[in-house]
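All chains should be built: construct the whole structure from the sequences, respecting the hints.
This is what each chain is made of:
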Amino acid sequence: MPQIFHRSTNTFSRVSIFGAVFIAASLLGVAGLIVRSPYLTNVGVPISQPVPFSHQHHVRDDGIDCRYCHTSVETSSFAGIPSTQICMNCHSQIWTNAPLLQPVRDSWATGKPLEWNRVNDLPDFVYFNHSAHVTKGIGCVSCHGRIDQMQLTAKAESLQMEWCVNCHMKPEDFVRPKEFVFSMDWQPTESQATLGPRLVQVYQIQSKISCSTCHR
Amino acid sequence: MRKDEFNPELHNRLVTAESTQHSALSTQHSYWRSLDELADTPEFREWLHREFPRGAAVWEESQSVSRRQFLKLMGASMMLAGLSACNFGPPNEKIVPYVRQPEDLVLGKPLYYTSAFSLSGYATGLLVESHTGRPIKVEGNPDHPSSLGATDAFAQASVLSLYDPDRSQTVVHNQSRSDWDSFVREFRAALDPIRGRQGAGLRILAETVNSPTLAEQLQTVLTQMPSAKWHQYEPINRDNVRAGATLAFGQDVETVYHLDKADVILALDADFLSCGGGTLRYAREFATRRDPQNMNRLYAAEPTLTLTGAKADHRFMVRASEIESFARTVARVLSVDVGGVQNFALTKRMNGLIRDLQAHRGSSLVMAGDYQPPVVHALAHAMNDALGNVGSTLEYREPIHASAVDQMQSLRDLVADIDANKVELLIILGGNPAYSAPADLGFADRLSKVANRVHLSLYSDETSAVCNWHVNAAHYLEAWSDARGHDGTTTILQPLIAPLYGGKSAHELLALITSAAEQSAHDIVRAFWQKKNGPSSGSTTLSTGFDAFWRKALNDGVIANSSARPKSVTLNRDVFKQAQTQTPVSNPPSLEIVFRPDPTLYDGQFANNAWLQELPKPLTKITWDNVALIAPALAQRMNLDNNDVVELKYQNRTVRAPVWLMPGQADNTVVVQLGYGRTRAGKVGDERGYNAYLIRNSNAPWFDVGVEMRKVGDDYALATTQRHQTIEGRNVMRAGTLKEFRANQNFVREMDEHHGGEIIYPEYKYDGYKWGMAINMSACVGCNACVVACQAENNIPVVGKSEVLRDRKMHWLRVDAYYKGTPDEPEAHFQPVPCMHCETAPCEVVCPVAATTHSSEGLNEMTYNRCIGTRYCSNNCPYKVRRFNFFQYTDYETPVLKLLNNPDVTVRSRGVMEKCTYCVQRINRARITAEREGRRIREGEVVTACQAACPTEAIIFGDLNDANSRVVKLKASPLNYAMLAELNTRPRTTYLAELRNLNPEIKDE
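Going line by line, the protein sequences match chains W and V.
Under this note's numbering, the first residue of the first sequence is numbered 1, with each subsequent residue one higher.
Under this note's numbering, the first residue of the second sequence is numbered 10001, with each subsequent residue one higher.
Some hints could be false.
To be verified - Negatives, chain W to chain V, calculated, CB over 12 Å:
| # | residue |
| --- | --- |
| 1 | ILE4 |
| 2 | THR11 |
| 3 | ARG14 |
| 4 | ALA24 |
| 5 | ARG60 |
| 6 | GLN102 |
| 7 | ARG146 |
| 8 | ALA193 |
As the list claims (entries may be wrong) - Derived DSSO-like pairs: lysine-lysine, alpha-carbon spacing no greater than 30 Å straight-line:
| # | chain 1 | residue 1 | chain 2 | residue 2 |
| --- | --- | --- | --- | --- |
| 9 | V | LYS10109 | W | LYS170 |
| 10 | V | LYS10261 | V | LYS10567 |
| 11 | V | LYS10765 | W | LYS170 |
| 12 | V | LYS10532 | V | LYS10552 |
| 13 | V | LYS10801 | V | LYS10683 |
| 14 | V | LYS10801 | V | LYS10109 |
| 15 | W | LYS112 | V | LYS10765 |
| 16 | W | LYS112 | V | LYS10109 |
| 17 | W | LYS170 | W | LYS208 |
| 18 | V | LYS10094 | V | LYS10109 |
| 19 | V | LYS10094 | V | LYS10898 |
| 20 | W | LYS208 | V | LYS10765 |
| 21 | V | LYS10770 | W | LYS170 |
| 22 | W | LYS208 | V | LYS10969 |
| 23 | V | LYS10820 | V | LYS10739 |
| 24 | W | LYS178 | V | LYS10109 |
| 25 | V | LYS10649 | W | LYS208 |
| 26 | V | LYS10649 | V | LYS10552 |
| 27 | V | LYS10898 | V | LYS10109 |
| 28 | W | LYS208 | V | LYS10770 |
| 29 | V | LYS10898 | W | LYS112 |
No lab work stands behind these hints, which were simulated from the structure alone.
Where a beta carbon is used, it is the ideal one built from N, C-alpha and C, also for glycine.
Right, here's the structure in full:
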């Protein structure tokens, strides 16, 4: 009885066994890249808004402090999205006829709130607290990026758990003096490697990594 | 007993039960949770040995699932599960800021407002937690004398009623949709001719009025129209209390007890630990004296086991009709001139009780229950007088209810007037009399004789159905009002949310009569208090004027110095000679019927509240149904068993009810609970249980002889949680006597089993916070407030009766009831069981996806988003505190129910395990506040939901690393023990064994 398979089948099977492992690994690798890519995380992708609000203009050009609009960032979990009233504090005086601001004036006149599209959105099973971070020396820029350079607001970081845990494991790489939390362009005057651990100690940063720190 | 009535199996069970009792088993093995367990029936064994009993029943039911179909379904679910993973990127969500943000509101932080919850005319002060305008949780107001920071299960569940989608959402006219304006027009048109006749033909039927403003409005109506009448009726009322005071003193008084000063307490069918005015305060005062250093002694005489009877050191099983004889017998020895012949045998136990009372003159207390006739109340007053207790353990105050009347008589008068065609316009303010009036009055049928019937209520219920106008009422969290607590302290109720369905309050309805223009409840209540504080709103009672008073009252939740004034009364000592009402005891005694409010639905007003429906009744642990309770001995004689349906015939009216064997119930007594059998309660409450009002009589609303009970032969499935998670003879429940404790402080610890063996895990040092809990079972009264508080705080869904029958309840915290002794005279104990948060938790090591892990502070954490539902953890948990979402129990569809959810706790979905978290959201909130302020969390800053609700401070939570914390001090007690410590799980939740203070004269230990 002749051999069913030709000798060359051996080579063929060796290649395919090796290939299967390689292909599977590369597929996983590609999947990992896709999951972390802006295609899925929306990092750097501006979201359309009812009013094309420019952080660049308000923060850099006008020099308005973050807390003027995000009022509860130091006291609450939620940083606060400005009420129409806060917009109108200025815009009842300046740019009163700008067509771009028509939705704001409508909201003020009708009492119907503006509906913004969320840029930074955490899943509902994640509990993030702004006040816990900004009062312990984590700057706005660490998570929100150079918001002062964004004409249209986009997400700066992936907000994936991997990214959160990176900082929670090594807060000393990111902590800054409390007085510069709201500064967009602060640079450490000494090496972060010496400043960071010192601040972690002074601020008694625990940066817990228990599950219930964020999930409850 | 006829021979054919003999049930060999049941007989066997009871005989075994007794022999178990008398056998030489050590004390630790003598606790039982159900009669089945006591007798160790084969059925019970089967139940016990299945981890998730009848878990596959879902498949069995549908029958049609073949192997092929199963594979098809599985294939399809795999595919669909794959599809669901195909959503790319985060969903598009909106942020909607305020147009003008309210000044005090910080988004992400709750606000608390004071209010009060009233039940049968007694208010409990509350602090209501509001998240962005949604009230989601109530806590007790520590400054309110009736609350002292605690709440009961009803108040905790009231937030669910607020968001109940079945609440009436519109005005209804002749069963069709209408609106408030049309109602106002037609109401005024109907009222005008009546006004011309000085109000002749106008009747107002209200429940017990404990709102000073409402009382004044009603008075104004009567002043404007002298011929109008104000009737009062509520199925659970204080008629007996009022009549008893009138009998003893010639006038009504409000009795306020001081249980903390009482060394010896005698409760004559008085269930002061579970219902009535001031129950939360009394429970706290009682519990403070369960401390072994200074322990009180409670005697209870009652026909059926109640929470008070369960806590009693000595319990006398007395039929309801014989309580009077019992009281007379005791009173006579205490030198009260009771006259007449006594036929209640003075036993050795009673002599012990009487001598104990005599030995504690001025520090003893006799309490009579609301269900007992007036003469028992008068006897209690006389005994307290004879013992010199007035002024020390109790005091008399001015009545707190406006124009209190005999409500049963008031309802009878109304019925008579309707029959005489004297009623033209009847306004029913709240309540549901068509359902809850005694059957002999035929109230529902008579109602239709009245030309114009207006019913103001939360639900379009049985009464609304027979009224031509139904006005949807505002919930108490939606309306302005005021209410008085058990000692008269007044609270102003402020709305937490605008009426969801435009409901109106009784104030607004009455204002239609008293004034030409419509008035808001806010203006009415404010005007009342302004007038009360003086004519000018300038500086009168307070130097800073009325506004300051108003703001302070709203801020504090109590109006300063508003409690009822003390009243001095003189006892009419001759009264008992005349008031010989005791019924002769027939021989052999005939069957007696006893009516009681349902422990969770009360009089039926909470029938559509799913939290209360699924809340296990404290003693039977039955959910979703009421039963007829009978003594095991009677069951044996009548060949009855649990779940058997009987027909109860009383005064020619019949009702069918499933029976339940109640340990500790007086023989020849059948106890029925009011509140079930609703027909128009809503989706949750309709057609559940049986309606005991159908056999209630106005002349004997609480008990009577002459009921006939007949076995029907049917079987009715009752969903009880009492058989879930059984103890297999382990000594998880520990109790002893004060004498034992004094003889050997370590007797509780000596019950520990030692299996030896070291822990294989490396030691972990908890150097930050180390959370722990201690539960003092001497204080726990089994009231269930903690269970509902936990449910409200943690977004716990209900599962429904069919799921409870399969052992699938979701309560993170359960209260186990244990019995010891014979089925006839058991000793009852309660043990709340949350997650133990074991330091070496067996659940954690078996999770394949690390969804349950240990925190650095010792919490056993459950991460829902990781859980894949293997249920290994639950299988490995020795305490059975893990709960699995077998189905999508949480309602994601009904929009209004979404408002109820606590935003700080994840809403769980199907296929996810969950369990007690020690309220980690509250720990995190306190931690973040403390971190922000650069300090440690202070003692008392983290209060778990169960702890906050507990009236007796039985649950104490805190940091075990803080040597001064209350939890550390409690855990240092020699009574402290860990459940199943021999498993080396090192639970963080530990228990303090219950102690009883037995009278050495009665029982030699």
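Status of each hint after checking the structure:
1. ILE4: holds (34 Å)
2. THR11: holds (35 Å)
3. ARG14: holds (32 Å)
4. ALA24: holds (18 Å)
5. ARG60: holds (23 Å)
6. GLN102: holds (15 Å)
7. ARG146: At about 22 Å from chain V, ARG146/W clears the 12 Å cut-off, so the statement holds.
8. ALA193: The assertion about ALA193/W holds, with a minimum of 25 Å to chain V.
9. LYS10109/V - LYS170/W: Holds, at roughly 29 Å.
10. LYS10261/V - LYS10567/V: Answer holds: LYS10261/V to LYS10567/V is near 20 Å, not above 30 Å.
11. LYS10765/V - LYS170/W: Status holds; Cα separation ~22 Å.
12. LYS10532/V - LYS10552/V: holds (16 Å)
13. LYS10801/V - LYS10683/V: holds (13 Å)
14. LYS10801/V - LYS10109/V: It is violated: about 36 Å lies between the C-alpha atoms, which goes past 30 Å.
15. LYS112/W - LYS10765/V: Violated, at roughly 55 Å.
16. LYS112/W - LYS10109/V: holds (23 Å)
17. LYS170/W - LYS208/W: holds (11 Å)
18. LYS10094/V - LYS10109/V: With Cα atoms ~20 Å apart, LYS10094/V and LYS10109/V stay inside 30 Å; holds.
19. LYS10094/V - LYS10898/V: holds (17 Å)
20. LYS208/W - LYS10765/V: Satisfied, since the Cα-Cα distance of roughly 16 Å is no more than 30 Å.
21. LYS10770/V - LYS170/W: holds (24 Å)
22. LYS208/W - LYS10969/V: holds (28 Å)
23. LYS10820/V - LYS10739/V: OK: LYS10820/V and LYS10739/V at ~18 Å, within 30 Å.
24. LYS178/W - LYS10109/V: Answer holds: LYS178/W to LYS10109/V is near 23 Å, not above 30 Å.
25. LYS10649/V - LYS208/W: Answer violated: LYS10649/V to LYS208/W is near 66 Å, above 30 Å.
26. LYS10649/V - LYS10552/V: Violated, at roughly 55 Å.
27. LYS10898/V - LYS10109/V: holds (18 Å)
28. LYS208/W - LYS10770/V: holds (14 Å)
29. LYS10898/V - LYS112/W: Within the cut-off at roughly 22 Å; holds.
Hint check: violations occur at hints 14, 15, 25, 26; the rest are consistent with the structure.
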